[in-house]
Amino acid sequence: MNRVLIASPLRSYTGGAAEVPGHGATVDEVVRNLDGEYPGIRFRMIDEQDRIRPHIKFAVGTTFVWSLDTPVEDGDDVHIIAALSGG
Amino acid sequence: MSDTVSRDDVVVFVSTRKGAFILTNTGGSWSINGPHHLGQIIHHLVQDPRNRNNLLMAASTGHLGPTMFRSSDMGATWAEVPNPPAFAKSDDESARSVNHTFWLTPSNASEPGTWYGGTSPQALFRTEDGGDTWTEVSGFNDTAVEKGWIMGPGDGTPDGPKLHSILVDPRDASHLYVSMSSGGTFESTDRGATWAPLNKGVLALFNPDPDPEFGHDPHCVVQHPLNPDRLYQQNHCGIYRIDRPENRWTRIGESMPAEIGDIGFPIVMHPRDPDTVWVFPMDGTEVWPRVSIGGKPAAYRSTDAGATWERQDKGLPSEQGWFTVKRQSMASDGCDPVGLYFGTTSGEVWASTDEGASWTQIAAHLPHIYAVETGVKP
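In order, the protein sequence lines correspond to chains A and B.
Residue numbers for the first sequence follow my numbering, beginning at 1 and rising by one.
Residue numbers for the second sequence follow my numbering, beginning at 88 and rising by one.
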């Protein structure tokens, strides 16, 4: 089991929750399982070519990761971060 | 919208960079409902003329990917569609992904539930279930890539090249037109299976070939509901008209005053008179400021299919008015006399209830306006 920390632009999908339980052996699996719980959330972060969208970042624990294939250990926090950008 | 509409039944849908607003008119006074989806970039919000309770909204945000919302109660509640427009998954590293849906068009009355969507990067999508599930119109998308009608990510507006002005012939749902900025205008007579360019007569002054088959920059193309063979086009290089089955556009903007020129974004038709059309010129000189010319905004109307034009600026700022009216941000209603509406990049909505003879500001201080559409209360 993991804790998934949800960036504020995505909390409309989680009923306002800033963190939700998750599970998966990779970031990709965590996100796909999250989408099963909260339909539509994945497409806002990951495009149809399975690329992370430009203003979304992921971190496992305290380490930023750039690949959806990054392993996730049981108990790791998975952070979904909306990059500091815009106006 | 060919039947005359009561002015109290008019609804104005305003899409902005920070949410959507719905303006309604009661006894000559306008009220603003919204914001809907505050903070989301709303590219287009359109009422379904086949069921006026239904609205479809194309959205994205600065951080997140695109999505779409639909309402079956005129915006009282919204639901996110489960399968918004997306390209097929490919292993090609250059495979495209939808950045946003820019344009929405309902099909004609013979196809309830069918809508078309134009995206950035440029592609055409269709739904047949009211907006829940979208699929590529491969006959256009594949051909456009193969034939080079799409010239790449750097070839469009500041926030990406657009497919827009999707027109469905009210007589025949298999007869379609689409336009691309840039790329040009294209026609299909088999519901999108095959397409042909329709750009003869249109200038492409930015192109090394002055008379190419495609590659033009139509800003907005409209089709008259009562005479669907009459199309008008506000292009990067002038104003044009075509009467099908002619296949050559006629430039009608050369009769505009020389100091104004015929550059602009929107073009709007009178719903009952195919010879009457409005444009909103902008400054297309040197570095293309794209603002109202000389700081004196004005609409121009032709009542003779573009042979002559008259300036209509009563009520608009007479000086220091530097706003821009984008290609989706001007619309007419079905009233008699016709009402006109435009939204500005500075968040103002202006209206005319006398076919442009005079203008009144009906909303201000809204976010940057991307689109203005009219509708009718259910």
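Source of the hints: derived by calculation from the structure; they are not laboratory data.
Quick caveat, the model's predicted, so the values are computed rather than measured.
Glycine residues also receive a C-beta, built at the ideal position from the N, C-alpha and C atoms.
Just so you know, not all the hints are guaranteed correct.
[As the list claims (entries may be wrong)] Using C-beta positions, here's what the derived DEER-type ranges look like:
#	chain 1	residue 1	chain 2	residue 2	range
1	B	259	A	77	51 to 59 Å
2	B	160	A	18	28 to 36 Å
3	A	19	B	373	52 to 60 Å
4	B	451	A	62	42 to 50 Å
5	B	406	A	77	55 to 63 Å
6	B	281	A	50	28 to 36 Å
[Stated by the list, open to error] Derived pair list, reagent style BS3-like, types lysine-lysine, alpha-carbon separation capped at 30 Å:
#	chain 1	residue 1	chain 2	residue 2
7	B	234	A	57
8	A	57	B	287
9	B	464	B	176
10	B	383	B	464
11	B	464	B	401
12	B	383	B	401
[As the list claims (entries may be wrong)] Covered stretches of chain B, going by a simulated chain A footprint (3 or more residues, C-beta under 8 Å):
#	stretch
13	164-172
14	182-194
15	370-384
When the hints from earlier in the document are held up against this structure, which numbers fail? Per hint list: 7, 8, 9, 10, 15 violated.
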